[in-house]
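S.K.: If you want the building blocks of each chain, they are given just below.
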Amino acid sequence: MKPFVLNVALAAIAISCASSTASRAAWEPVRPVEFIVPAGTGGGADQMARTIQGIVTKHNLMKQPLVVINKAGGAGGEGFLDVKTSSGNPHKIIITLSNLFTTPLATGIPFNWKDLTPVAMLALDEFVLWVNAEKPYATVKDYVDAAKKAPSGTFKMGGTGSKQEDQIITVGLEKAIEAKFTYIPYKGGGEVAVQLVGNHIDSTVNNPIEAVAQWRGGKLRPLCVFDAQPMAYDEPIADGKAWKDIPTCKSQGLAMEYLMLRGIFMSPKATKDQVEYYVELFKKVRATPEWQEFMKSGAFNATFLTGADYAKWVEAEEKRHEGLMKEAGFLASN
Amino acid sequence: MEELANLFHGFAVALQPYNIMLMVIGITLGVIIGVLPGLGGANGVAILLPLTFSMPPTSAIIMLSCIYWGALFGGAITSILFNIPGEPWSVATTFDGYPMAQQGKPGEALTAAFTSSFVGALFAVIMITLVAPLVAGFALRFGPAEKFAVYFLAFCSFVGLSKEPPFKTIAAMMMGFALAAVGLDSITGQLRLTFGVTELLNGFDFLIAVIGLFGIGEILLTMEEGLAFRGGNASINLRVVLQTWRELPAYWMTSLRSCLIGCWMGVTPAGATPASFMSYGIAKRLARRGNNFGKGEIEGVIAPETAAHAAGTSALLPMLSLGVPGSPTAAVLLGGLLIWGLQPGPMLFVEQKEFVWGLIASMYLGNLAGLIVVLTCVPLFAAILRVPFGIIAPLILVLCAIGAYSVHNSTFDVMLMLVFGVLGYLLKKCNYPLAPLVLAIVLGDKAEEAFRQSLLGSQGSLGVFFSNGLVSTIMALGLVALFWSAIQEGYSRLRTSMA
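For the record, the sequence lines run as chains A and B. The numbers in numbering that gives the first Met the number 0 rise by one with no breaks, and the one at position 230 of the first sequence is 229. The numbers in numbering that gives the first Met the number 0 rise by one with no breaks, and the one at position 139 of the second sequence is 138.
One chain only, chain A, in its complex shape (with noise of 0.2 Å):
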């Protein structure tokens, strides 16, 4: 017997060894892969994730599954927590919006996105301001002369969130024109577009993919996006107009600029190789026209970034955030 024993158990370590130089390799999940969105059904980032979920799937591009696990508590507080207690688990990753610095600073919650290990930046969501196609102004100039001649507090904005990126950049808005909005926050995007229509706000900062289908029905108007240059999108929309012909607000006089971060995250004390395996899904994923596509029909800015250059630009907008919500008063008391 003792010779078989002997044998099986060398036979066992070669077998750990090479599996192990293996693994040095290229690692792979061995368990399906929760995917979490720190947002409701139906969001951006939800639609986003379930995207790339659906492109996963057809294209075969992971031979585990891919779960999309939808955290949204706590203005998706739950989601961030769960994967910073999750360390060391690569079978987790989180796709994050601006809550990522919104959420922390603003209720307090113990998270910093240095929690967790960068994976990769997917694309910017633009942000643009839009009107009601039967209000008579057509340019930004209009519109800030109309916010101003307003009574104090009666021209109102509406906006997802509270305290997050569209209450931000309302009140970077009121700086920049000197003018006082009432700020109304809704659940999502969607709603904040239709309210839009149907007159009970004056204005909003919708995300392209939240207003498009209002803007070719002819019931909305953009007047300006908020980045510094204009989108790249040059396929006509509605009254032949694209994207790309929508002005940028700095070059309307309206010195704002804002942009929503779509990157992935994975859980803390991530292998090179654990995130390198992620990279490189992405890298497949945005190669697909199924993903060209999705970028195009939501204008997406559809910048990406790895590594260092990924973690410097997330170091930089969080300072960016501080600043701004201090100066809005946003800030958590403790």
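Since the hints were made in silico from the structure, they are not lab data. Possibly wrong hints are sitting among the right ones.
For lysine to any residue, the following SDA-like pairs were computed, each having C-alpha atoms within a straight-line distance of at most 20 Å [to be verified]: (1) A:K268 to A:S85; (2) A:K186 to B:S185; (3) A:K179 to B:T187; (4) A:K134 to B:R140; (5) A:K155 to B:L455.
Given the structure is predicted, the values throughout are model-derived calculations rather than measurements.
Got chain A sorted already, so can you dock chain B onto it with the hints?
M.R.: Same frame as chain A, now just chain B:
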């Protein structure tokens, strides 16, 4: 007329063998999803959404909407058999459905529920077919004030029209409001009542509360009553379906009223839950045997089920024409539309005729297929009640635990469900009604949000709730409903003093 031609073209699309197969698969999957409390239509559709990415959009939406119909039908099964509503809008179905099952009439209750769902949905689809363009614009008139008015009406019609002692009703409702307040305050962005506990960030989910209050609470009560599971003598053959059908036409008035309430609430952004509660509350007042409601009256099953499905179906109209989802499931479907490259909104009906009318045709056919599937299974479902309590109770408990866990994948929720179970048992023992508590958990934060949004917009003036014809009318209706008993009493006194 052009609409009718389009619809027939839609039928042709939906009736292709491949699409019929998808329809049946969808319904079956949907029923299974609906039977598991907690999994629910929204989660089910979300899980299965990626499967459909390789299909043509019309086939994909047919399959997904059939899962949705299936889940709606399935939700009624657990509500009636075990007193566990799987979806917010099945809560009102338990009030009379479960007592009926206990009296040995599960077949009747299930048949009534399924048939009413079908009638409600059919009514709504016909409305969508005929007046879609007219009605779609109506939802646009709903700002925060109008929305609050609708919630106010739902609360008032439930309090004012119920025959429970008003103070107990209000106490239970206030408890529900307090529970609904936990979590993120969506107006200020601050955390409320979470005491630094991570698990409370999400607030109390309605499903957890309901599975505990109704499901676990009921098991505790049954245990106390000596482990007897009533309803064991249920007749289990298909004749029960036909017998029930013969009774149903007598309740046409309740059905019609519920259809109208449902369609109206579905087109406004309020949705199916207030519709089912309101329809139940009004039927209780107006039905001839209203005093018997809550003790197993078939009309008490018909009213909420018809309204919920009429609302659920007509809620798809604002989703397609405005891009605003009326329910969580509709929100997931909306995500699907975008992934297939379809942009919901005013242009969808113009640019994607084949898709829209294929979907509408599949609503007709999917509902019919669903009705046939579930009705043939009525004896099978009813037979479940013949299983001895000692065997079925642990199974229900496991089912509840899985359901509670799958809402947020969290074991904390399973504990919470047990706590709610004990709470439900205590409240029942003290004769506090559970329904207002549940209603407040479901609609409390939505009503609060709409209220505060209105006041933000009006700079704090309450006049906003009477600022135009629409909102004033709804508010006035709500006040009438709230003081209905007083008004009725005053009126009869006036008559006696006159005479």
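S.K.: Run every hint past the structure and note whether it holds.
M.R.: Status of each hint after checking the structure:
| no. | hint | in the structure |
| --- | --- | --- |
| 1 | A:K268 to A:S85 | holds (9 Å) |
| 2 | A:K186 to B:S185 | holds (8 Å) |
| 3 | A:K179 to B:T187 | holds (18 Å) |
| 4 | A:K134 to B:R140 | holds (17 Å) |
| 5 | A:K155 to B:L455 | holds (9 Å) |
Comparing the model with each numbered hint stated earlier shows that all of them hold.
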